[in-house]
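Assemble the complex: chain A is given as a structure, and chain B must be docked to it using the hints.
If you want the building blocks of each chain, they are given just below.
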Amino acid sequence: MSAPLLQLENLSARRGATPVLRNIALAVQPGERVALIGDNGAGKSSLLLAIAGHLPTQGSARFAGQDIAAAPAHRRARLGIGFCPEGRRVFAGMSVSDNLAVASRERQPDPASVYRLFPELERRRHTMAWQLSGGEQQMLAVGRALMGRPRLLLLDEPFLGLSPDAGARLLEALRTIALGGVSLLLADQDLERSQSLCERSIFLDRGEIRL
Amino acid sequence: MAELIAQLALNTLALAAAYALVALGFVLVINAVGAVNFAHGDLVVAGGFIAVLLGQWFDLPGVVLAPAVLLLAGTLGLILSLLAYFPLRRGPPVGIYVSTIAVGVMLQNALLNIFGAAPRRGPSLVEAAPLRLGEIALSTQAIATIVAAGVLVLGLHLLLQRTQFGRRLRATAQDPLMAESVGIDTRLTIALSFIVAAALAGAAGLLLTPLHFVSPHDGAALILKAYVATVIGGWGRLHGALLGALIVAGSEVIGATLLSQPAAEALLYIVLLAMLWLKPDGLFGEAAGRRA
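Protein sequence lines correspond, in order, to chains A and B. Residue 1 is where the first sequence starts when you use our numbering, and the numbers rise one by one after that. Residue 1 is where the second sequence starts when you use our numbering, and the numbers rise one by one after that.
Incorrect hints may appear among the rest.
Stated by the list, open to error - Cβ-Cβ distance ranges computed for the label pairs, FRET-style: (1) A:Gly134 to B:Leu278: 33 to 39 Å; (2) A:Asn40 to B:Leu78: 43 to 49 Å; (3) A:Ala17 to B:Val98: 24 to 30 Å; (4) B:Phe86 to A:Ser60: 25 to 31 Å; (5) B:Ile79 to A:Arg175: 49 to 55 Å; (6) B:Ala274 to A:Asp205: 58 to 64 Å; (7) B:Lys279 to A:Ser201: 52 to 58 Å; (8) B:Gly34 to A:Arg14: 24 to 30 Å; (9) A:Ala17 to B:Asn113: 45 to 51 Å.
What the hints assert, rightly or not - Some chain A residues judged to face chain B by a derived CB distance under 8 Å, without partners named: (10) His74; (11) Phe91; (12) Gly93; (13) Asp98; (14) Val102; (15) Ala103.
No lab work stands behind these hints, which were simulated from the structure alone. Quick caveat: nothing in here was measured; it's all calculated off a predicted structure. We put the CB at the ideal spot given by N, CA and C, even for glycine.
For reference, chain A alone in the conformation it holds in the complex:
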């Protein structure tokens, strides 16, 4: 087996005085698709925020062989960790094309591959992000993360609030992304859907991994 793309050991985090992650040990292999399963408050979002660099942690975190435990979020993104947070958080006052371009590290941002995956975004490239539907905003959030050429994509409840049709199309797009070799770490409350996309599941309960 090759070296893990992401390796967490004894990772713990607090929000104020409350521990939200306890002694997390997790390895994600290159190209692997892993589902995070758990109830509300189990720690799924906290774990994704911690990996993305938005939650101070104790313990060891390595990505692509590099120690990222103390790395700020923007450096983790540049190393190849893409993040789609809960609620999409697109840049509402910017156009679709600017949302994509801002995430690129190329001198000439080229969103062609994102537009191939989500043709709706190309049609609406001059539209302000706040004017998009929920499904389109989710496509934009995923497309924006892809502009940074991630090796690992963190997805926090990406299907939340989507219509069945939009959800199905997003699921198909995520399969295509995974086929391209991008690892996925997916937090989703729908066990069946998660397991249809991912190769293995990890169960979180009150900030701890349950085997």
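For chain B alone, kept in the frame of chain A given last:
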């Protein structure tokens, strides 16, 4: 009468052009960090005194000195961000308000010690005779002020809308956490926004000194005008700040010419109160999440 109206309009536009630069820099920092930089007026004054000093040393027109004024004022903006913003960025905004007031007062006193309290005149932007249109003579200084500010406003617009730096700045203003998540170093971007805002303030100082002189105590009045222009235009709206600056300058010039200086001041605040009553969110409002 025609000459009076033409000169009045020109003076209003020239003052509005300078105020627009003050207000744009002010709004840029509000958008970037979500807090008011109360030292912004003192940065305008500092820009004016930099122009005065460079004018004395090199005896060159303001338009030639402009790049150096922008550069030095931008450096002051960077120092301001390092002293008054970054050490306090994790705390409540009130800490930043107070720290920018403190740095502004320090800057004001430094200028007072170096230059004294008397108003000083900076170099003319261009050395040229008044422009004659038939019977009407128009101030080339005022025209140059409008053109220079127009170039800077257009440059800022292109910088924000057409460059990756501008996109990063807008993204940081809208959602710093997500900006970090797409690989933007938000600390660097915020520092750059302080630099650009201070450079605009410096440019405003350069444009104001030949027409209105500059003294170390002017900062408070300038920040108040930027504040009023921003409230009138809509909090955090760049194009609103332009219109707000025009209204502030119009009240000042027309009020002072037709009535008196105190009446002009009163007129400005009557306009502000009327605006707050009729349109509390300002002319362009502030829709959540649609800033910059």
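Hints versus structure:
no.: 1; hint: A:Gly134 to B:Leu278: 33 to 39 Å; result: holds (35 Å)
no.: 2; hint: A:Asn40 to B:Leu78: 43 to 49 Å; result: holds (44 Å)
no.: 3; hint: A:Ala17 to B:Val98: 24 to 30 Å; result: holds (28 Å)
no.: 4; hint: B:Phe86 to A:Ser60: 25 to 31 Å; result: holds (29 Å)
no.: 5; hint: B:Ile79 to A:Arg175: 49 to 55 Å; result: holds (52 Å)
no.: 6; hint: B:Ala274 to A:Asp205: 58 to 64 Å; result: holds (59 Å)
no.: 7; hint: B:Lys279 to A:Ser201: 52 to 58 Å; result: holds (54 Å)
no.: 8; hint: B:Gly34 to A:Arg14: 24 to 30 Å; result: holds (25 Å)
no.: 9; hint: A:Ala17 to B:Asn113: 45 to 51 Å; result: holds (49 Å)
no.: 10; hint: His74; result: holds (5 Å)
no.: 11; hint: Phe91; result: holds (5 Å)
no.: 12; hint: Gly93; result: holds (4 Å)
no.: 13; hint: Asp98; result: holds (5 Å)
no.: 14; hint: Val102; result: holds (4 Å)
no.: 15; hint: Ala103; result: holds (4 Å)
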